[in-house]
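Protein chains in written order, with the numbering used here: chain F, 1 to 540; chain Z, 1001 to 1176; chain H, 2001 to 2099.
Possibly wrong hints are sitting among the right ones.
Just a sample of chain H residues kept apart from chain Z, beta carbon distances all over 10 angstroms, derived [stated by the list, open to error]:
#	residue
1	Leu2007
2	Phe2009
3	Ala2011
4	Ile2012
5	Ile2016
6	Val2018
7	Gly2020
8	Thr2023
9	Arg2024
10	Lys2025
11	Leu2029
12	Asn2039
13	His2052
14	Gln2053
15	Leu2062
16	Asn2090
Derived, one-sided and incomplete: chain H residues facing chain Z with beta-carbon distance under 7 angstroms [unchecked claim]:
#	residue
17	Ile2065
18	Ala2066
19	Ala2069
20	Gly2073
21	Leu2076
22	Leu2080
Read the hints as simulated data drawn from the structure, not as lab findings. We put the CB at the ideal spot given by N, CA and C, even for glycine.
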Amino acid sequence: MMSLFAQVPVSTPEIQWFYLAPILILALGGVLLITLTSVAPVMRGRHISALFTVATGVLALAFLPFIAARLDGLVDPVAGQGGRPAVDLVSSALVVDHFTLWVSGLISVAVILVAVMLDGYLEREGFESPEWYALLLISASGGVILASAEDLIVTFLGLEILSIAVYVLAALHLRRSESQEAGFKYFILGALSSAIFLYGIAMVYGATGSTTLTGVAGSMTGRNAAGLSPAVDSSLVMVGIALMLIGFGFKVSAFPLHIWTPDVYQGSPTPIVGFMTSAVKVAAFGGMMRVFLVGFGGTFASDWRVLVLFMAGFTILFGSFLAIVQTNIKRTMAFSSIAHAGFMLVGLYAAASPVAIGDTGKRAVLFYLLAYTFMSIGTFAVISIVGKKGDGNHSIEAYRGLAKREPLLAMAFTVLLFGQVGAPFTAGFFAKFRVIAAAAQVERTEAYILAGVAMLGAAVGAYLYLRVVVAMFLDVQESPSTEMADSADETLALVEVRALEVPPATLAVVLLAAVVTLVLGIFPDIGSGALAEAALALVR
Amino acid sequence: MAQYLPVLALLLLGSGFAAINLVVSKLVSPSRPTEEKLAPYECGIVPGREPPHRFPVRFYLIAMLFIIFDIEIVFLYPWAVANAGLGRFGLVAILIFSALVFESFIYLISKGALDWGTLQVNRRLSPMVNEDRTVESTVRKVGLVGRFEEVESLKDALIDGNAATDSVPEQDGAAA
Amino acid sequence: MFLNQFLFFAAILFSIGVYGVLTRKNGVLVLMSIELILNAVNINLVAFGALHQDISGQVFVLFVIAVAAAEVGVGLAIVLLIFRNRRSINVAEADLLKG
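The following block holds chain F by itself, in its conformation from the complex (with noise of 0.2 angstroms):
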């Protein structure tokens, strides 16, 4: 018993306090925002929290550049990362790489964008509350630790961080039920998954006897950090491997795993909605991508890239087809996140080849997560300002003669609805050419099956964007106070008659947003040196 408490020293880690900056920062700008408006009063006035949130995302992102400078300028870069630079912190919990710094960026964009959308929102709905500023820095800080786990333990609790604070931003618009219902079926759904997942970690640990993912890889290999090598159990891998995507492919809304996308986004708030498609999806491709290219991309590859092929097939055929149904913006564009996912897991699956296509892939789908980025928060900040108070007025017919009354707002989303259907001229031709590119290149035959689903998906998508620019530019027939509404909703929308109100602040996030379209459509190359390296720094 005198052992226990001798003064043995325990090896402490040594933390280097810079390279975790984006995620204190993040999580830090959570809590000390909660915490002053709890204690002062006046920080409780109007815009001041979301002036914040902008601030504390500004600062995030202008840690990056310094950040990869210091990487670049490691003379000696962790061995075992195939010569990148990365820096493994808190004893191998986290790394810090390009690829890392690639997806807080994108985060932090989201963060920015969604926080000044939910500005005008939440002034139109009449809440006042810090929270959901505050949950929206907590969640992107577990987006940036889920990207950047080394440990799956940690990759754990960066999921959960990441989910269980949109579960409650999905459920707090607190005078509709709806928006209640959606983040119920979001939490049950989410919840069931993230345990399958964690059963998953559980199968691979106990297969492999290590949590990290380097460990892991290496005792596959058959050499792991002490030289032996343990006699891996395969069947266990692959139960874990199964189940681990299944966590993944919920949060990403993949094939089997989509059916909750629909409900949780009609009933949810807009804004939050838009947080959802960017920042979640990016960091749960960041975190699927380093867990499954790093810790599962030797021998295994071979085994789950299958599976992933034919989600990713059936993801673009189900969000594309089933959107054509749907007569809520919100359901087509939550089934349009269905199969944008889809696309992305096209990449993914390029990704998990031999080096060189492998490159290509893992490039593609950074690509796409970064127009997709853009792309869906202008999309959802639009549709958070057609909704009108009470966020109800949500019907594709409510787009009937936008282009006469809010011109600007129209051509903005005309823009944004294009480069989601990949029209060429906008971010989302190349972001879907080159998925669809590093597919081809696998040259087998199930990939260029895959390619050609991918096409037709593509094709097929173009349809039900169009409608709702068609809608936009025709003429209002009939007034819509005398339309038959088929919801609750559409008929408090109803009785709300009035104009839209657009915020300045909101308008210019559309308008950025679909600049950026544009832009990354006509010069595609641009950051594409910051793209390479995170793309290398996933090194199987």
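With chain F held as given, fit chains Z and H onto it using these hints.
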């Protein structure tokens, strides 16, 4: 499996004791039931259904807070055991952790989650109470959400005559 | 004790939990079923930790317990919110959203 033998024995003993008591009391005690003896009350109104179990919804809140704070303490045990070896690093880490846990107390107190009285703080901060909300807007918003019968009747009213819809914007203008 | 005894026990617990999530109509019971799944995972982690003579399995369990508590807190809060608006926590009655 030998180490589970005492558990099994205790299980058998326990259930056996209960079973023997039940059987013996059934055999030994006299049983002469009458209608009055079997009734729930000797006098008064016979209840038609189970009484509803009602208790304040605030208990749920307290229970939820308890769950969170109760479980967070789990991280203190490993630190306490390894404290001697961890030294100042462990102390700082656990202080950061504690600060974050108790930060939520500040939020809870400011929201009035720990108030048992008239909940004045809560009422002041509640997003449901707002100067922007007039009688009209409150009735309209709260009344419609989730109540289909009223929506149906409202729809009928709207279809019957457009006078109702026409008057709505005017009311809105007056309110603003 | 053999490892497979723990694994079978955890698998049974996991199955019961999934069954509960899928069939239970009461929102609180669904939450309890999710807890069952998480506890099945905990048993697995501890068993594997003992197998590998590795502490990280047990560390993982502590984190899972804490996360499960946070999850239940959020879940109960949402159930409570729905109960206040609807007077019901029946999952089958949550059908406002459909397309």
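These are the hints, each one checked on the structure:
1. In this structure Leu2007/H is separated from chain Z by more than 10 angstroms, as the shortest Cβ-Cβ distance comes to about 16 angstroms.
2. The beta carbon of Phe2009/H sits about 13 angstroms from the closest Cβ of chain Z, which is more than 10 angstroms, so the claim that it is off the interface holds.
3. With a closest Cβ-Cβ approach of about 19 angstroms to chain Z, Ala2011/H is found to remain outside the 10 angstroms limit, as its non-interface label requires.
4. Residue placement check: Ile2012/H keeps its beta carbon more than 10 angstroms from all beta carbons of chain Z (closest about 17 angstroms).
5. Consistency note on Ile2016/H: stated as away from chain Z, and its beta-carbon is indeed over 10 angstroms from all of that chain's, at 21 angstroms minimum.
6. The claim that Val2018/H lies off the interface holds: its Cβ sits roughly 23 angstroms from the closest Cβ of chain Z, which is beyond the 10 angstroms cut-off.
7. At roughly 19 angstroms, the least C-beta separation between Gly2020/H and chain Z is larger than 10 angstroms, which holds for a residue marked as non-interface.
8. Here Thr2023/H stays apart from chain Z, with its beta-carbon at least about 24 angstroms from theirs, past the 10 angstroms limit.
9. At the 10 angstroms boundary, the C-beta of Arg2024/H stays outside the reach of chain Z, the nearest C-beta of that chain being 19 angstroms off.
10. Distance check for Lys2025/H against chain Z: the nearest CB is about 19 angstroms away, which clears 10 angstroms, and the non-interface claim stands.
11. Every Cβ of chain Z is farther than 10 angstroms from the Cβ of Leu2029/H; the closest lies at roughly 15 angstroms, confirming the non-interface assignment.
12. With a closest Cβ-Cβ approach of about 13 angstroms to chain Z, Asn2039/H is found to remain outside the 10 angstroms limit, as its non-interface label requires.
13. The claim that His2052/H is not at the interface with chain Z holds, since no C-beta of that chain comes within 10 angstroms of its own (minimum 19 angstroms).
14. Non-interface status of Gln2053/H relative to chain Z is upheld: no Cβ of that chain comes within 10 angstroms, the nearest being about 18 angstroms off.
15. The beta carbon of Leu2062/H sits about 6 angstroms from the closest Cβ of chain Z, which is not more than 10 angstroms, so the claim that it is off the interface is violated.
16. Against the 10 angstroms criterion, Asn2090/H stays outside the reach of chain Z, whose nearest CB is about 14 angstroms from its own CB.
17. Because the smallest distance between the Cβ of Ile2065/H and any Cβ of chain Z comes to about 6 angstroms, under 7 angstroms, the interface hint for this residue holds.
18. Because the beta carbon of Ala2066/H sits about 5 angstroms from the nearest beta carbon in chain Z, less than 7 angstroms, this interface hint is met.
19. For Ala2069/H, the interface hint holds, since its Cβ comes within 7 angstroms of a Cβ in chain Z; the closest pair sits about 4 angstroms apart.
20. The interface hint given for Gly2073/H is met, as the beta carbon of that residue sits about 5 angstroms from the closest beta carbon of chain Z, less than 7 angstroms.
21. Of the supplied interface hints, the one on Leu2076/H holds, with its beta-carbon coming within about 5 angstroms of a beta-carbon of chain Z, less than 7 angstroms.
22. A least Cβ separation of about 6 angstroms between Leu2080/H and chain Z falls short of the 7 angstroms threshold, and the interface hint therefore holds.
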